[in-house]
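Asks: Just so you know, my numbering puts 636 at position 173 of the sequence shown, and the rest follows in order with no gaps.
Any given hint could turn out to be false.
Subject to a maximum C-alpha distance of 25 Å in a straight line, what follows is the list of computed PhoX-like cross-link-like pairs (lysine-lysine) [said to hold, decoys possible]:
1. Lys925 to Lys910
2. Lys840 to Lys925
3. Lys751 to Lys799
4. Lys838 to Lys779
5. Lys1018 to Lys1072
6. Lys835 to Lys799
7. Lys1018 to Lys1092
8. Lys835 to Lys751
9. Lys1072 to Lys1092
10. Lys593 to Lys496
11. Lys799 to Lys838
12. Lys1072 to Lys1097
13. Lys926 to Lys910
14. Lys926 to Lys812
15. Lys812 to Lys840
16. Lys828 to Lys799
17. Lys812 to Lys835
Pair by pair, the computed Cβ-Cβ distance ranges are [as the list claims (entries may be wrong)]:
18. Asp495 to Ile1144: 54 to 62 Å
19. Asp915 to Phe562: 36 to 44 Å
20. Leu721 to Lys1124: 32 to 40 Å
21. Ala798 to Gly597: 42 to 50 Å
22. Arg490 to Phe623: 31 to 39 Å
23. Ala491 to Glu554: 42 to 50 Å
The set of hints was computed from the structure by calculation and includes no laboratory data.
Quick reminder that beta carbons are idealized off the backbone N, C-alpha and C, glycines included.
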Amino acid sequence: MNLLQRPSADFYSHLFECNEPPTDEERANIIDKLRELETRREELTNDSSLGKSSSRRANTHAHVTKKVAIVHQEISRHRNLLSSIRSIPIEVWQQIFVFVLLGADTAQNHYDSALQRLCYTSRLWNMAAKSERGLWCRFPTFRFKGKVLGGSTATRRVEFYLSMSGTLPFSFSFSYQHHPSLSWSKISQPAMVLNALVAASSRWESATLTVPYDILFLLNPIHSHFPFLENLDLTLLQGSRLPPYHGSRRLDIDHFSLAPNLRHVRFNLSAEGEWAARTWARTVVYLKLPWHQLESMQNFNVHHDTSYSEIVRLSKRLVGLDFGAMSADFQALSAKPISLPLLSTLHLKLGIYTSESDFRLHLGKLSLPSLKELKIKERTRNPDDLYDAIACLVQRSGCSLERLAVGEAGPTLFPYTRAGDIARLLPTCHDLNELDFGPNLGDDNVKSLSLDRLERLVPALKKLTIRCITPNSWETERIPLDPRTFLDMVRSRVSQMESPEWQSGGGDVLTIDFIEDGLDDGAFWRGQLHLFEESRLPPFDQFNISPKLVDGWAKALRRFCTPTDENDLAQHWQLHVVMEELECLDFSNQDSRIISRWGVVTFLSMITKTKASGIAVDNKRYRFRGRAKELIRKWRPFLLRDHRSCRYRWYYRSELCSTLKYVSSTVLESDGELWNSIAGIQVGC
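Could you put together the complete structure from these sequences and hints?
Replies: Encoded structure:
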């Protein structure tokens, strides 16, 4: 037999295509084959060293070397057949699959696809995966959109998973976006999938449902049939049949009111589209759940809510509450004190129909001794009264609040926006690490945050977020911060960060985010940055390039990084001119940080990835992508050098967000980490 040819199919060649262990007979044959191959390799090696003429010896040596390489490859392949990994018991493979697959994030690791690939790898792995029922308890996402009239692929998949999981509890996700021209009875495939899931509702452990509200009747058979249901995520979409525009209607959702194991609920009304928003604005939702046993609740986009009062009164095991509604009945909760001893996270986003006085009275009756994080987004005319109510809540509860966010819920409808006196809010928040302040801060409040004052507010603060609301047309213009006042406040806080006491507590970084909640493309914060640059105060004291010129470069790059419907040749020419100016810059003897502060580096980094982002690039004529890569390569050493030389660092993160960060001398950053911050890579607001 030719030693270089593959074994015949009736020999043991099937082992090369799988991970199964060889039988005793196959193992003996493989060992014999290995001996023959090793003998052949020795013969070929000896032949190459026999005496021949120099020219013939060179040709022979090259030919023999190829043969030796082939034989060596065959030896390696046959040794792999004897590997001990093939002898791993099927039970061990099952545990490996469970550990790897069930521990993976489904959104990024594609659990269903990975499980299919396991089954196709070998008969042993197929047998191991299919006999481990726990692997089949995480169903794939069944998502339908538009006109779905037929087909049976999804139906076969759900039936297969139901069969493979046996009687074990399972988790699933079902999403159907209703097409208005079709009634539910004509949508065969989504109906069959949902009916199959409903028939197995007694095994639900985690359910994610996104359905139009007018097909909720299909869930009626599952009422009280949830012995294992622990997590529920329910999103209601606009239905195909709209009710009359005038008048309100009642929507009762009681399908999950008797689930004995339900602990975590997320409920959302999707407000996509004008008609959907109008529909929910006329809808009063009555959500019935086993409130007394819930541990976390998220409730979003509900216009007229009735669930908040229920969960606050009845859920003594509540740990996290995230609630957003246009209106809620706080008056019913202001009669007697309410204590939630385990609640550590409370997020409230309230609309314009909420009574401010009733809400403040409700806060005055709450006691939250375990509270760590509090967010209140409310459109208020009297911020000082809200601050007083929050301060009293923290003091009365005796909690150690670490994260606090307070401010407007989007652009205000009131004719003015006041920040109020932040000094009334913070005296009771001694342990605060993060503060997110929504209204326009103002210089007086900046002075209150300085640690040079006798009353030192929130001395442990590590992150401050300052938001700016876009005003309506009738409002006065926003007043930017005074650079000296603001930077003096920052210096007063960072002066203590080099002390051993502060560093021992892990406080080595102070981060201040500037975020604009508006529609004017970050114009306000760009104006604020201009003031910082004009002040020539550290870290804005070392630059030889006009900030207005750099801002113009950044605007041209930003326009180019915004995809358009067609190629704008004039815009390409303008960018070409900008690129020529950038290519003339030399930072070997000057500070380079100004180009990163205005986002030039961030936009150049985006241009290097234009193929992925869909931005039109005239590569043949102007070579924008290649030129951007060359600029980044040339500037990178100088940008790293200059940012490391200063503890104060301004990072451009997006059109509406920038960050001023103080980094202590004890912090060690790799070049890659620092560059990601400079270029805005993988940094989100």
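Asks: Go through the numbered hints given earlier and state which of them the structure violates, listing their numbers in rising order.
Replies: Result: hints 8, 10, 19, 20, 23 break, sorted rising.
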